[in-house]
Amino acid sequence: AQKITQTQPGMFVQEKEAVTLDCTYDTSDQSYGLFWYKQPSSGEMIFLIYQGSYDEQNATEGRYSLNFQKARKSANLVISASQLGDSAMYFCAMREGWGSTGKLIFGQGTTLQVKP
Amino acid sequence: GAVVSQHPSWVICKSGTSVKIECRSLDFQATTMFWYRQFPKQSLMLMATSNEGSKATYEQGVEKDKFLINHASLTLSTLTVTSAHPEDSSFYICSARPGTSVPDTQYFGPGTRLTVL
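For the protein sequence lines, the chains are A and B, in the order given. Read the first sequence against the numbering used here and you will find it ends at 300, with the numbers running on by one and no gaps. Read the second sequence against the numbering used here and you will find it ends at 129, with the numbers running on by one and no gaps.
FYI, nobody ran anything at the bench for these hints, they're computed from the structure. Keep in mind the model is a prediction, meaning the values are calculated, not measured. Just so you know, not all the hints are guaranteed correct.
Listed next, the in silico EDC-like pairs over lysine to aspartate or glutamate satisfying Cα-Cα at most 20 Å (straight line) [said to hold, decoys possible]:
| no. | chain 1 | residue 1 | chain 2 | residue 2 |
| --- | --- | --- | --- | --- |
| 1 | B | Lys78 | B | Glu34 |
| 2 | A | Lys257 | A | Asp239 |
| 3 | B | Lys53 | A | Asp206 |
| 4 | B | Lys53 | A | Asp210 |
| 5 | B | Lys26 | B | Asp77 |
| 6 | A | Lys287 | B | Glu99 |
| 7 | A | Lys287 | B | Glu64 |
| 8 | B | Lys76 | B | Asp39 |
| 9 | A | Lys287 | B | Glu75 |
| 10 | B | Lys78 | B | Glu99 |
| 11 | A | Lys254 | A | Asp210 |
| 12 | B | Lys53 | A | Asp270 |
Sequences and hints are given; from them, build the entire structure.
Here is the structure:
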């Protein structure tokens, strides 16, 4: 069964508008971490934001925020005030357990295109 | 901080040859490094996890003898694709995890594009 699901293969957003990228996960662990990475066409993976399963507040990093709904097992990424440079592929990932190997399981990715 | 480099950034080789890819953590010590493979427009597939000074742990379906991983020091891991064939052509990305960071974020290298002719 897919542990990380990103149901939006592609998304369009107008420049300066906000966009939400969906991510749902499946785990029986109580302790886990959720990550979002951005991959531009150059291929590098850029870490954006992290949410721990015990964190009560939603994580925020500049224009990025993570809408964490634990009961629904969702960890959506919200990008505010989209910029042309935000056009890229975005991956949601989960690390199960703490002090484990730290393996990340990635979703299928969402390609975001920002329109001028 | 938290910079990971990979070398080479791209390589073209003939079928049957071996290719070595280096992954270095430049400003931190990485107790664990990971190697991923990515096909165009697809997600990252974890190939193996390597810890300094011990044997790598390979994911199911990944041939250990074909993809040799050596984590020689706390800042260097290498992936050698032995007897490469065209189906090994892919984008290979490494990541490194600082032992003491909170959260235990992985930092990725820029990737290596391998083309086997």
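Status of each hint after checking the structure:
{"no.": "1", "hint": "Lys78(B) to Glu34(B)", "in the structure": "holds (16 Å)"}
{"no.": "2", "hint": "Lys257(A) to Asp239(A)", "in the structure": "holds (14 Å)"}
{"no.": "3", "hint": "Lys53(B) to Asp206(A)", "in the structure": "holds (18 Å)"}
{"no.": "4", "hint": "Lys53(B) to Asp210(A)", "in the structure": "violated (23 Å)"}
{"no.": "5", "hint": "Lys26(B) to Asp77(B)", "in the structure": "holds (19 Å)"}
{"no.": "6", "hint": "Lys287(A) to Glu99(B)", "in the structure": "violated (25 Å)"}
{"no.": "7", "hint": "Lys287(A) to Glu64(B)", "in the structure": "holds (16 Å)"}
{"no.": "8", "hint": "Lys76(B) to Asp39(B)", "in the structure": "violated (29 Å)"}
{"no.": "9", "hint": "Lys287(A) to Glu75(B)", "in the structure": "holds (19 Å)"}
{"no.": "10", "hint": "Lys78(B) to Glu99(B)", "in the structure": "holds (12 Å)"}
{"no.": "11", "hint": "Lys254(A) to Asp210(A)", "in the structure": "holds (11 Å)"}
{"no.": "12", "hint": "Lys53(B) to Asp270(A)", "in the structure": "holds (17 Å)"}
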